[in-house]
Amino acid sequence: MSEIEGIYAVWLREAKIYIREKERLVSAVISPLLWIFGFGAGIGTTIESVGGYSYQMFIYPGIMVMTVLFTSLFYGIYVIWDRKLDFLKEVLVAPVSRASVFVGKMLGGATDAMVQVIYLIIIGLIFLDVPFTPLTIIEAFLMLLLISIAMVSIGLVIGANLTSPEGFSLVINFVMWPMFFFSGALFPVSNLSPWLAAVTRINPMTYGVDAMRGIILGINHYSLLLDTAVLMVFTAMMMGIGIMSFRRM
Amino acid sequence: MVIKTEALTKNFGKITAVNELDLEVKEGEIFGLLGPNGAGKTTLISMLCTMLRPTSGKAWVNGFDVVREPGKVRKSIGIVFQQASVDDLLTGRENLQLHNLLFEVPKAVRKQRIDEVLSIVNLEKRADDFVNTYSGGMRRRLELARGIMHHPKILFLDEPTLGLDPQTREHIWEYIKELASKECMTVMLTTHYMEEAEQLCDRVAIIDYGKIVALDSPDALKNNVARDIVKIKQKIPDIEKIRKLGYVMKAEEKEGTLYISIKDASLHLQDLLSNTGPIDFVEVRRGSLSDVFLHYTGREIREGDAEGGFWERMMKR
Ligand SMILES: Nc1ncnc2c1ncn2[C@@H]1O[C@H](COP(=O)(O)OP(=O)(O)OP(=O)(O)O)[C@@H](O)[C@H]1O
Ligand SMILES: [Mg+2]
Chain A
1 MSEIEGIYAV WLREAKIYIR EKERLVSAVI SPLLWIFGFG AGIGTTIESV
51 GGYSYQMFIY PGIMVMTVLF TSLFYGIYVI WDRKLDFLKE VLVAPVSRAS
101 VFVGKMLGGA TDAMVQVIYL IIIGLIFLDV PFTPLTIIEA FLMLLLISIA
151 MVSIGLVIGA NLTSPEGFSL VINFVMWPMF FFSGALFPVS NLSPWLAAVT
201 RINPMTYGVD AMRGIILGIN HYSLLLDTAV LMVFTAMMMG IGIMSFRRM
Chain B
250 MVIKTEALTK NFGKITAVNE LDLEVKEGEI FGLLGPNGAG KTTLISMLCT
300 MLRPTSGKAW VNGFDVVREP GKVRKSIGIV FQQASVDDLL TGRENLQLHN
350 LLFEVPKAVR KQRIDEVLSI VNLEKRADDF VNTYSGGMRR RLELARGIMH
400 HPKILFLDEP TLGLDPQTRE HIWEYIKELA SKECMTVMLT THYMEEAEQL
450 CDRVAIIDYG KIVALDSPDA LKNNVARDIV KIKQKIPDIE KIRKLGYVMK
500 AEEKEGTLYI SIKDASLHLQ DLLSNTGPID FVEVRRGSLS DVFLHYTGRE
550 IREGDAEGGF WERMMKR
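Protein chains in written order, with our numbering: chain A, 1 to 249; chain B, 250 to 566.
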């Protein structure tokens, strides 16, 4: 009971701050819009349809994954700020297990990301005519939540182990961009050169993008079952590492 | 013993912040740690509240080993850190609400406790403002309110009243005393204010370079070392004659003024003056803890001084 209240307390604090920081809400809407309408529409004029969909539509699931990926990973930087401002001490000295502190933070980060997902779904429905059904919306939401939890965990691990925000940005860029580029978010993973195919195969995000494309557009490279299984194992591993690094903090 | 340490040591690389320290604090006691900057007070408290792992030695808080049973230790304690740890982006009340959740305050009394502690620190009116609009002293008060809200068995206060106005300070001393006696709460506090140590503490440990150099009640400490100081100004002082008097512990001349240390001025002042001959000026100063401090550490402790301490950090924000 007290652990649940501890998780709730940590999450509540994150959620309150998120709602109050208007800049975060605004940037959450703008960056995916730029990708879809800037990048997607621009490249889309030179690329013919992929798998029967316009390029813009083809990358829409990938942009969703990307948005969740970026927001979730970057969330780890707030741990560094918390520590700089010493707020974290109050939580760390409380009689709440570090696992609960971690889970509270993790849910806080996932909340950020999922608010963005809701924007994206609305944008997709209104401007792109994405063929959503109520069921696929729920499936997509859950899949993105899973991805978000994994990525927030990675961000928190990095945040817990570093002390400067600059260092964090540097490290996170090395994680974020490869995960994004080699995930098939911007291109289909079939017909790739062998080495690129190998890289995409070991990148867990590939399975996230594939699952999302399968759910929303019905284009699958792997089976949805495999995608989900890979992501679940990956997420569990990242959470485990996250809890361990919070214990050492 | 509510707090006990055995050869407790913490090294930071080459620096030994706490050096084989043995300490026992009784239940219900208000125990003061007095020491200059860098003496190791904060490090000691951090180890006792399980935030830092000792390099060697042992410590028990409320009967629990701080290394092996940190969870149980945490359930028994409240702490006010030297550095502000209230959340700027929340209101005062929200900070307290989170604390209620984190420290398992029973649901039924949560609201009441919040109102109670807010009124103790006189923050009722500002409770719903964001903490980043508070003054330094108001933050400090909020933090104190938070530390006592869950009625801990042992309360650690790291320079609790630094930067507060005298009125609030006395208000808080009173409240700490009351809590300690009514709820049999044990308090361990660090301070640079001599007055605080004298007024509040049952016993005081003077720490220097991570070691206890003296430990006793403030009065006993003063009796052992500090004495009354008689300041005399006269035309032709005869120091040698004064030094020969049995009750004079020390006599020095500085800038035309004679400083004479006596065990108890009330007994010997008359005799002293009859031996000095005609004088222009006399003043008697009661010995204080700062004399004790000077005696044991060879350094002055400047009241309210905290180089690189809490206050500086507060002002930088
Ligand atoms: N995290 C740390 N890393 C390295 N050295 C440290 C660390 N924390 C404290 N020290 C060192 O340990 C010594 C004791 O520091 P501590 O903060 O315990 O002193 P303090 O008695 O609380 O001083 P103050 O009155 O200034 O608060 C100092 O020399 C300090 O430089
Ligand atoms: Mg200190």
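Incorrect hints may appear among the rest.
To be verified - A few chain A residues that face chain B, going by a derived Cβ cut-off under 7 Å, partial list only:
{"#": "1", "residue": "Ser2"}
{"#": "2", "residue": "Glu3"}
{"#": "3", "residue": "Ile4"}
{"#": "4", "residue": "Gly6"}
{"#": "5", "residue": "Arg13"}
{"#": "6", "residue": "Tyr18"}
{"#": "7", "residue": "Lys89"}
{"#": "8", "residue": "Glu90"}
{"#": "9", "residue": "Ala94"}
{"#": "10", "residue": "Pro95"}
{"#": "11", "residue": "Val96"}
{"#": "12", "residue": "Ala99"}
Please keep in mind that the hints were generated in silico from the structure rather than gathered at the bench. Note that CB positions come from ideal geometry on N, CA and C, so glycine has one too.
Report task. Of all the hints given earlier, name the ones this structure violates by number, lowest first. Result -> Going through the list in order, the structure violates hints 2, 3, 6, 12 and respects the others.
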